[in-house]
Amino acid sequence: MQLVFLGTGSGKPTPQRNVSSMALFRDGELFLFDCGESTQIQMAKSVLRPGALKAIFLTHFHGDHVNGLPGLVGSQTLNQRHEALDIVGPRGLKRWLKCLRELNILWPGFQVRSHEVTEPGIVFEHPEFHIESVALKHRIETWGYALVERDRPGRFDLEGARALGVPHGPMYGRLQRGEAVTLEDGRTVLPQDVLGPPRAGLKIVYCTDTSPCAGAIELARNADVLVHEATYPGGDERLAHERGHSTAADAARCALEAGAKKLVLTHISQKYVRPDIFLEHARAIFPNTVIAQDFFELEVKRRDD
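Using our numbering, the first residue of the sequence shown is number 13, and each one after it goes up by one.
What the hints contain is simulated information worked out from the structure, not anything from laboratory work. Just so it is clear, CB atoms sit at the ideal spot from N, CA and C, and this is done for glycine as well. A portion of the hints provided could be inaccurate.
[What the hints assert, rightly or not] Derived Cβ-Cβ restraints for the label pairs, each shown as a range: (1) G121 - G166: 52 to 58 Å; (2) P27 - E137: 46 to 52 Å; (3) P27 - C111: 28 to 34 Å; (4) E196 - S126: 52 to 58 Å; (5) T200 - L170: 38 to 44 Å; (6) P182 - N91: 24 to 30 Å; (7) R125 - E254: 21 to 27 Å; (8) G75 - R125: 52 to 58 Å; (9) F122 - F168: 37 to 43 Å; (10) Q92 - R151: 36 to 42 Å; (11) A192 - F307: 55 to 61 Å; (12) T194 - S87: 49 to 55 Å; (13) R186 - P132: 33 to 39 Å; (14) S87 - R125: 34 to 40 Å.
[Stated by the list, open to error] Only pairs whose alpha carbons sit at most 27 Å apart, straight line, appear in this in silico BS3-like list of lysine-lysine: (15) K283 - K149; (16) K24 - K273; (17) K24 - K110; (18) K57 - K149; (19) K283 - K106; (20) K283 - K66.
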């Protein structure tokens with residue numbers, strides 16, 4: 013699994029940082045979290061293939077998180093896309109997309125399936141994972157998202173299978189998929205006879221925009237990677253919280269309390285040019301912290317790889 017940060021700044025784009033967007037690339041499929049202005053240009057400059065896009069998840073309707081969506085969807089039409097595209101976002105998403113269509117700003121040549129988030133819970137299902145959402149604490153309705161992989165079967169015990177008389181071939185695959193097999197002598201071999209304990213999947217969490225809240229901590233519980241906004245470095249908590257934002261120290265406290273394994277800071281105020289001050293504040297609380305720059309790529313390996 014790979015995370016690619018297409019925009020890591022707040023408020024407005026600058027030559028150094030575009031506004032919010034993060035891509036998650038998994039097994040040939042692309043999922044986008046937020047779609048600020050110029051996201052499609054950032055994608056064109058990156059390693060990503062727009063044709064792999066399966067779904068877009070919008071946290072809230074501030075412009076620096078959504079203004080790039082009409083252009084991105086329009087370009088998908090020009091690129092002869094035919095596959096349906098899922099867009100998930102807060103209440104008002106359907107009305108917003110309808111207005112864009114009526115004004116001829118959005119004219120998709122494919123099906124756009126819109127899903128409004130109205131309560132915490134699972135908002136997107138995939139055969140290998142789901143995406144769940146929790147309300148955050150911002151100036152308008154805002155949702156954080158977590159991609160949670162399903163547990164995978166345990167490791168296949170090749171020697172154990174041989175000892176039980178399972179012949180090399182298709183039966184190995186069936187057992188690894190959780191199916192029982194019957195041998196020529198009539199004996200039945202169950203998956204648990206040759207598989208180790210289930211292997212936990214990954215959990216990736218995206219929290220922006222928000223001031224500190226219980227929802228963010230709960231969503232980030234035991235995350236392998238927590239991507240959290242850090243509009244301000246530290247010492248500016250009062251200003252940050254009044255504006256519905258977090259400091260780097262706030263993000264670090266969230267990661268620590270949630271038991272996350274790695275913290276990535278994003279949504280950095282454009283007035284700060286020294287990323288080290290963000291890291292100083294965050295690492296004093298949560299050492300395993302990095303700060304994202306535009307086009308920063310993070311490879312996330314499964315826990316048993």
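Cross-check of the supplied hints:
1. G121 - G166: 52 to 58 Å: violated, 45 Å
2. P27 - E137: 46 to 52 Å: violated, 39 Å
3. P27 - C111: 28 to 34 Å: holds, 31 Å
4. E196 - S126: 52 to 58 Å: Holds, at about 54 Å.
5. T200 - L170: 38 to 44 Å: violated, 19 Å
6. P182 - N91: 24 to 30 Å: Taking Cβ atoms as reference, P182 and N91 lie about 39 Å apart, which means the hint is violated.
7. R125 - E254: 21 to 27 Å: violated, 37 Å
8. G75 - R125: 52 to 58 Å: Check failed, 23 Å falls outside 52 to 58 Å.
9. F122 - F168: 37 to 43 Å: holds, 40 Å
10. Q92 - R151: 36 to 42 Å: Check passed, 39 Å falls within 36 to 42 Å.
11. A192 - F307: 55 to 61 Å: violated, 48 Å
12. T194 - S87: 49 to 55 Å: holds, 53 Å
13. R186 - P132: 33 to 39 Å: holds, 38 Å
14. S87 - R125: 34 to 40 Å: 19 Å Cβ-Cβ, so the 34 to 40 Å window is violated.
15. K283 - K149: Answer holds: K283 to K149 is near 23 Å, not above 27 Å.
16. K24 - K273: With Cα atoms ~30 Å apart, K24 and K273 exceed 27 Å; violated.
17. K24 - K110: Holds. K24 to K110 sits at ~26 Å (cutoff 27 Å).
18. K57 - K149: Violated: K57 and K149 sit about 33 Å apart, past 27 Å.
19. K283 - K106: violated, 34 Å
20. K283 - K66: violated, 34 Å
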